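Spelled out, the chains give:
There are 2 protein chains.
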Amino acid sequence: MTDKLREAKPGTTKLGWIGLGVMGASMCRHLMNAGFAMTVHTRTRDKAAPHLAAGAAWADSPREVAERSDVVFTMVGFPRDVREVVLGDAGVLAGCAPGAIAVDMTTSEPSLAVEISVRAAARGVFAIDAPVSGGDVGAREARLSIMLGGEEEAIEALRPCWAAMGKTAIRQGGPGAGQHTKLVNQTLIASNMIGVCEGLLYAHKAGLDLDTVLQSVSSGAAGSVSLTNLAPRIIARDFAPGFYVEHFIKDMGIALAEAERMQLALPGLALAKQLYTALAAQGHARAGTQALHLALAKLSNIDW
Amino acid sequence: MTDKLREAKPGTTKLGWIGLGVMGASMCRHLMNAGFAMTVHTRTRDKAAPHLAAGAAWADSPREVAERSDVVFTMVGFPRDVREVVLGDAGVLAGCAPGAIAVDMTTSEPSLAVEISVRAAARGVFAIDAPVSGGDVGAREARLSIMLGGEEEAIEALRPCWAAMGKTAIRQGGPGAGQHTKLVNQTLIASNMIGVCEGLLYAHKAGLDLDTVLQSVSSGAAGSVSLTNLAPRIIARDFAPGFYVEHFIKDMGIALAEAERMQLALPGLALAKQLYTALAAQGHARAGTQALHLALAKLSNIDW
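Residue numbers (the numbering used here), protein chains in the order written: chain A, 920 to 1223; chain B, 920 to 1223.
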């Protein structure tokens, strides 16, 4: 165990952050608020303005972030972005010193997490896959569930960082295990979202009062976080993104590809991906996942 | 408002109960424990033994139960049973005096609830549809969600009865509205169960530890009552019935028939019904609904 794997400490451990979207912006800020020195980079520099104003340093590339940091976090959009930002010529691994830790918090491919881990190890760098669940609200309130894959000592060394961003941080296994667990999470949500939308459409067509129906069904065996959090938004016609449709389609695509590789048929997840693909085709790729309701309504020619 | 629609009171209001299965046995018992005089009838008299021992009277037919009661509750299996027990020659309505209340707590067809209500009204009898959510545990612990359809004054008169059996009792509208709401409830559960099973199968094939995965996903956006209550039973290979597969298939069939009548396509519910039909074909009609996992496992040739 090298010096660098001592527990991360504000004032001692220098952190880097790449990707300041809806999720990343809040998560990076929590680490800064915990007292860590921070260097940031993001595709659109404007998005870093609040962090720079609060004392973060700017670097012109992921590589430069890594050159100045002991631990680098990435939170970007798609696996292709992870590949470029972590493995590219100007990427994180190119800038990491031996003993550094590279943490990818993007929901991405388990196989890519394994590839990153192997290439990191060749440079004496530790890699952790650490996707999260909890959405924009969970990120803002530091109540995320962080699903961890990688070497135990590296994961343990970052306990103060996980604690700053989430309420749950559990190691699920070696490289890729965090990503696999996140895909389980998305598989659970996908079919449940179909149920939420179909239940509301049934209630609507039956002439029931939707808010009153929710009072009866939310507290019983049909209760779920999606029902509690998203059904009221659907009823209020609020389809603003907590989590983007296009990102959810990406996640379901990864899960289905992994499942096919493992010879596992997932008919519910496949149906959900088809319905979300229709939703994107209808122009809602940048809406929130609760907009699935619009695709199911359109299917039966219902104006919502 | 007749005398009979004064609020139900132990010592004054005589209750009747028909159907002492897993759910009905507990619910009837709660009313007795609340101090109500009780007359019971059930297809298999042996099942009434504990209630008779605790002071209930026996009647040889639903009609006789009604002849001796101010309020009669039915909790049987299928709509055909409801039709026979409530509308048959030896049924509840044939025995009810004007001003009596007939409450069907079976999950049944909204159209049958309307038919019962019309035929009851012709005799001066009030009808309420009052299906419940919460399963065997909810029935045992008097924590059911009771979904009510019918005339408001009759529903209000029975507040002491609802309070004895459930934690939530909400009027959803006129006759059939309780049944429609229960079908919303089942629609929500159906797709969610697919998600729970598929999530666990993905985790299994990915080589993850299932209990550890549940720790990560249960508390976040993927959380649901089914995940919390049924996933551990699936992991423990416990497929004993809380709620029978064959009853769930019945409920989904009613919901899909109603939806078709309302010109509403519900692809998720349709998929769930197909998978549960396969499960029944595999010999699991009398297992609990969490046994869906076995059908999805078999689909990918996984021994569970």
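Hint data in this document are derived by calculation from the structure and do not stem from the laboratory. Predicted, not measured: the structure shown is a model, and the values here were computed from it. It cannot be assumed that every hint is accurate.
What the hints assert, rightly or not - On the chain A side, residues computed to face chain B include the following (Cβ under 8 Å): (1) Ala-973; (2) Gly-974; (3) Leu-1120; (4) Ala-1125.
Claimed, not checked - Just the calculated beta-carbon pair ranges, DEER-fashion: (5) Thr-1196(A) - Arg-1038(B): 17 to 23 Å; (6) Ala-953(A) - Ala-1176(B): 29 to 35 Å; (7) Gly-930(B) - Asp-1130(A): 35 to 41 Å; (8) Arg-1180(A) - Gln-1201(B): 37 to 43 Å; (9) Ala-1082(B) - Arg-1156(A): 21 to 27 Å; (10) Met-1181(A) - Ala-972(B): 29 to 35 Å; (11) Gly-1007(B) - Asp-1130(A): 35 to 41 Å; (12) Glu-926(B) - Arg-1156(A): 28 to 34 Å; (13) Glu-1003(B) - Asp-1130(A): 23 to 29 Å; (14) Asp-1157(A) - Ala-1040(B): 47 to 53 Å; (15) Ala-953(B) - Ala-1197(A): 49 to 55 Å.
Said to hold, decoys possible - Here chain B is said to cover these stretches of chain A; the calculated rule only asks that three of the stretch's residues, wherever they fall, bring their Cβ under 8 Å from a Cβ of chain B: (16) 1144-1156; (17) 1171-1179.
Glycine is no exception: its CB is placed at the ideal position from the N, C-alpha and C atoms.
Review point. Holds or violated: 17 to 23 Å for the Cβ distance of Thr-1196(A) and Arg-1038(B)?
Key: violated (48 Å)
Review point. Does the Cβ pair Ala-953(B), Ala-1197(A) satisfy 49 to 55 Å?
Key: holds (51 Å)
Check your understanding: Does 35 to 41 Å hold as the CB distance between Gly-930(B) and Asp-1130(A), or does it fail?
Key -> For Asp-1130(A) against Gly-930(B), whose Cβ atoms are near 38 Å apart, the range 35 to 41 Å holds.
Check your understanding: CB of Ala-1082(B) to CB of Arg-1156(A), is that within 21 to 27 Å?
Key -> violated (36 Å)
**Study point:** Claimed coverage, the region 1144-1156 of chain A by chain B - three or more beta carbons nearer than 8 Å
**Key:** holds (count 4)
Review point. Would the hint on Ala-973(A) stand, with a C-beta cut-off of 8 Å toward chain B?
Key: Cβ of Ala-973(A) sits 28 Å from chain B, so the hint is violated.
Exercise for review: Between the region 1171-1179 of chain A and chain B, see if three or more residues pass the 8 Å beta-carbon test, and mark the coverage as holds or violated.
Suggested key: Coverage by chain B holds for the region 1171-1179 of chain A (3 residues, Cβ < 8 Å).
Check your understanding: Within 37 to 43 Å or not, the Cβ separation of Arg-1180(A) and Gln-1201(B)?
Key -> Violated, since Arg-1180(A) and Gln-1201(B) (Cβ atoms, about 27 Å apart) do not stay within the stated range.
Review point. Close enough to count: is the Cβ of Ala-1125(A) nearer than 8 Å to one in chain B?
Key: This interface hint holds because 4 Å falls under the 8 Å limit.
Exercise for review: Could you check the hint for me, namely that Glu-1003(B) and Asp-1130(A) are 23 to 29 Å apart, CB to CB?
Suggested key: violated (36 Å)
Review point. Any CB of chain B closer than 8 Å to the CB of Gly-974(A)?
Key: violated (31 Å)
Review point. So does Gly-1007(B) sit 35 to 41 Å from Asp-1130(A), Cβ to Cβ?
Key: With a Cβ separation near 38 Å, Gly-1007(B) and Asp-1130(A) satisfy 35 to 41 Å, so the hint holds.
Consistency note: the structure conflicts with the earlier hints numbered 1, 2, 5, 6, 8, 9, 10, 12, 13 and 14.
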